[in-house]
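K.L.:
In case you want the letters, here they are:
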Amino acid sequence: MSEAATTRRWAVLRRETGRALGAAIIALAVAFLIILFSSKTPLQAFATLTTAPITKVRTVGLWIDDVAKLTVAGLAYSLVFQARQFALGVQGQVYVGALAASYIALSPLGQTWCAIPLGIVCAMAGGALWGFLPGIAKARLGANEIVSSLMLNYVAIELANYLIRVDLTTPNSRLLSTAPFPSTAVFPALIPNTRIDIGLIFALTSVVAVWFALYRTSWGLKLRLVGHNSRFAQYAGIKEAFIIVSAMAASGALGGLLGAMFVEGRSFGKLAVSFEGNLAFEGLLIAIVARNRPLAVPVAALFYGYLRQGAQLMSIRTDVPSEIIVIVTAVIILLVASSYSVKPRAMLAAITRSSRPARTHVEAVK
Amino acid sequence: MTTENMAPLLQAIGISKTYPGGVVANDNVNIAVNAGEVHAVVGENGAGKSTLMKILFGVEQADSGELRLVGEQVRFGSPRAAINAGIGMVFQHFSLVPSFSAYENIVLGSEPRSGIRFDRRKAIEEVRALSARFRLHVDPLQPVRQLPVGQQQRVEILKALYRGGRILILDEPTAVLTPQEVTELFSAIRALVAQGRTVIFIAHKLPEVLEISSRITVMRGGKTIGEIETKDATEQKLANMMVGREVTLRVERKPYNGKVTLAVNRLSLMNELRATVCDDVSLTVRSGEIVGLAGVAGNGQAELIEAIAGLRSVAGGDIAIGGESILPLGVRARRGKGMASIPEDRISQGLALGASVAENLVATRLDDRLFARGGLLDLGEMRANAERLIERFSIRIDGPNALAATLSGGNMQKVVVARELSEQPRLLLVSQPTRGVDLGSTQFIWRILTETRNAGAAVLLSSADLSELLALSDRLMVFYRGRIVAAFRNSDELTTEMLGACMLGLSRQSPEEMRAALA
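Residue numbers (my numbering), protein chains in the order written: chain A, 14 to 379; chain B, 109 to 627.
In isolation and in its complexed conformation, chain A is listed as follows (with noise of 0.2 Å):
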């Protein structure tokens, strides 16, 4: 009997992932398209948006230094998607979680074994608060949290735009950084001489964090109970404003850490103005392209990942900007977003009503 729910849950997967793919190839046409006219180049141009990531380690590495960000930003996501939150405020918290760990790693406690630990640890209570505020905002006031969870993404970008140039440059310095941090305060690299670090298992461990708690615990089971029907969840007596609340802090939490991984990695071992380059809304992105299923989010990001790589690249290398990703990236969420707020019941509807009609149109044609 349960073979039939597995058979399903196979077909499931493969018509999502060749939803996926189906957009990705469709984005990449469209992309070739507009390289075509916009470059005097073009299949060159072409060769290094697909091609460029794998040539060189150093671009191997860079592409999945980016892959374990994009990862834990579309961990961040996932988990408030999933209780039905649509907190937009993993920006906010990566400043802050990045402010946070700043500040260890320019403290004394910086010079000393305790520098990543702490440092990751403050980051990630940072960000737990970030995410906190709009949640309790909702709950006790009612405020939207796709508003308030936004607005606090400008507090804390400006915020840390303060600091940085009030409190943390060293003095009579006019660059917009921090100074490095000390060699204690940055992640070990993985392999040498690429900038993959141990990020990428904090990403992975992420990654199965996420899964275990959606999945496993009787939290993340009332979640989810919670983003499939709210009223029903009251109904059977869940603390629905716990859930909303806890949600966004546990998502808070995963993007203070990617803060973390951003000033104390192997690219940055400092604190910069502007240093995420919007990856954390990208992470959006991975979110939606993996259908908020935390397994499926490096997947999404292995890929997505590839093609930011290839974009920056092609940036450096040809003529043509790298905001072609941003064409790419919306045609991908135009294609998979189109399909994506259909609820179940009328998804099973609209498949099982697709054989029909096929059959009437042949007799009206006969």
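Be careful, since some hints might not be right.
[To be verified] Stretch-level coverage of chain B by chain A, calculated; a stretch enters the list once three of its residues show a Cβ under 8 Å from a Cβ in chain A:
id, region
1, 227-236
2, 442-452
[As the list claims (entries may be wrong)] Listed next, with one range per pair, are the computed distances between beta-carbon atoms:
id, chain 1, residue 1, chain 2, residue 2, range
3, B, Ser456, A, Leu347, 28 to 34 Å
4, A, Val25, B, Asp171, 24 to 30 Å
5, B, Ser433, A, Leu308, 44 to 50 Å
6, A, Arg229, B, Asn373, 42 to 48 Å
7, A, Met164, B, Arg500, 50 to 56 Å
8, A, Ile159, B, Arg589, 37 to 43 Å
No lab work stands behind these hints: they were computed from the structure.
Even for Gly, the Cβ is constructed at its ideal location relative to N, Cα and C.
With chain A fixed as given, assemble chain B onto it according to the hints.
P.N.:
Relative to chain A, chain B alone:
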């Protein structure tokens, strides 16, 4: 006028429809509607009336069978096609824009224009003329959200007429109306027929059917049982055709004499607009009895159940379980006191459709050490629990991991019932337990409710189906405008007519009569 040598205006022949999930909603159904008649379609919940109407209106497509309009075969791929063919339908749930005025709603989508401009003056004139002609009085300029339900329904009917509807399908139009509004609706229907329109009228309430219709098609279990001229029909005859047996089903009940489990004392409730919906309501439910709440929808019985379940705040009075007030307690704590609840709407409230059946079956017991220890789920126990309940409540399903969304209505309801009754409750709240549920599941659910009662639960049952209330209840309370206006001890002498008269506010009980059955 005879129609013998004329083809019926609208005819359905051999219609079959199976929903995904395997529910056979229509099985070789036939109906023939003649021009200028009021054709009633009657049947119990789940008899397939609504599905048939949706097929006639192009919302659903039949798996097999054909539709004929004045003898010619037609196919309605969408409501638009049916509207173009002159068919209009008024659903139970209206599809109106609340902030738009009545006339805007009526002409929406087919607005009169002068040039490219929406000719409002012409629209208002046309709507006025239409409503005068068919005696469907509405103020065209009033925003729809300010209109009472009866007038909103008129707006819906006018909308269909405005689009040139020759055949009007009314899906249970009287369910939401007050008796006064029903009278007005009927006079409008007569005006429609007098002017050459044809009305298909779906109903539960037999007296209404006998009053307004000229012919009646009876459905049962997805099949058409027969067609009968109204002048040859009696209520008893129709009831027998609908139910398919001579006597109404009464479940075997043990006598009861339990202690008072639920005590509602002088309870007042308000709705979101701060209007009183329950006023000074007192009742008790003893262990081992079923107390039925009768009333036309919207008279306060649903709100009473929500308040007891902990989903609605209380304006005054008290609710106690076992002598102890539960007002300070949340839903979880009330469930901890032995309360279980089968909600009115399984899809919007009773289930998480995107979650698996196993997950749905434990949703109310996630703090139970059986399923979650130290915050970790015991997936094995959840699965075993699901398998046990699937077996015990004979839920037809692929396996515990199937999504709730993939089940048919009857099986969804069984999942809700299975979860709530997986442990013997002390107090069971039940709303519309068999709405939209097939007959087999209905009987099964009735039996389960009776067993739960016999095992000592206090059961408070609210249902729009009077035969259900009469079959299950030990005592009955009738709600009218937020108050209990009558109370009965159930007996063979008690009829749906007696209940109906009280539900419509037509007959009242003396305080002594009421007190005798209240305690």
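K.L.:
Work down the list of hints and note, for each, if the structure agrees.
P.N.:
Hint check results:
no.	hint	in the structure
1	227-236	violated (count 0)
2	442-452	holds (count 4)
3	B:Ser456 - A:Leu347: 28 to 34 Å	30 Å, holds
4	A:Val25 - B:Asp171: 24 to 30 Å	26 Å, holds
5	B:Ser433 - A:Leu308: 44 to 50 Å	48 Å, holds
6	A:Arg229 - B:Asn373: 42 to 48 Å	45 Å, holds
7	A:Met164 - B:Arg500: 50 to 56 Å	52 Å, holds
8	A:Ile159 - B:Arg589: 37 to 43 Å	41 Å, holds
Comparing the model with each numbered hint stated earlier shows that hint 1 is the single one that does not hold.
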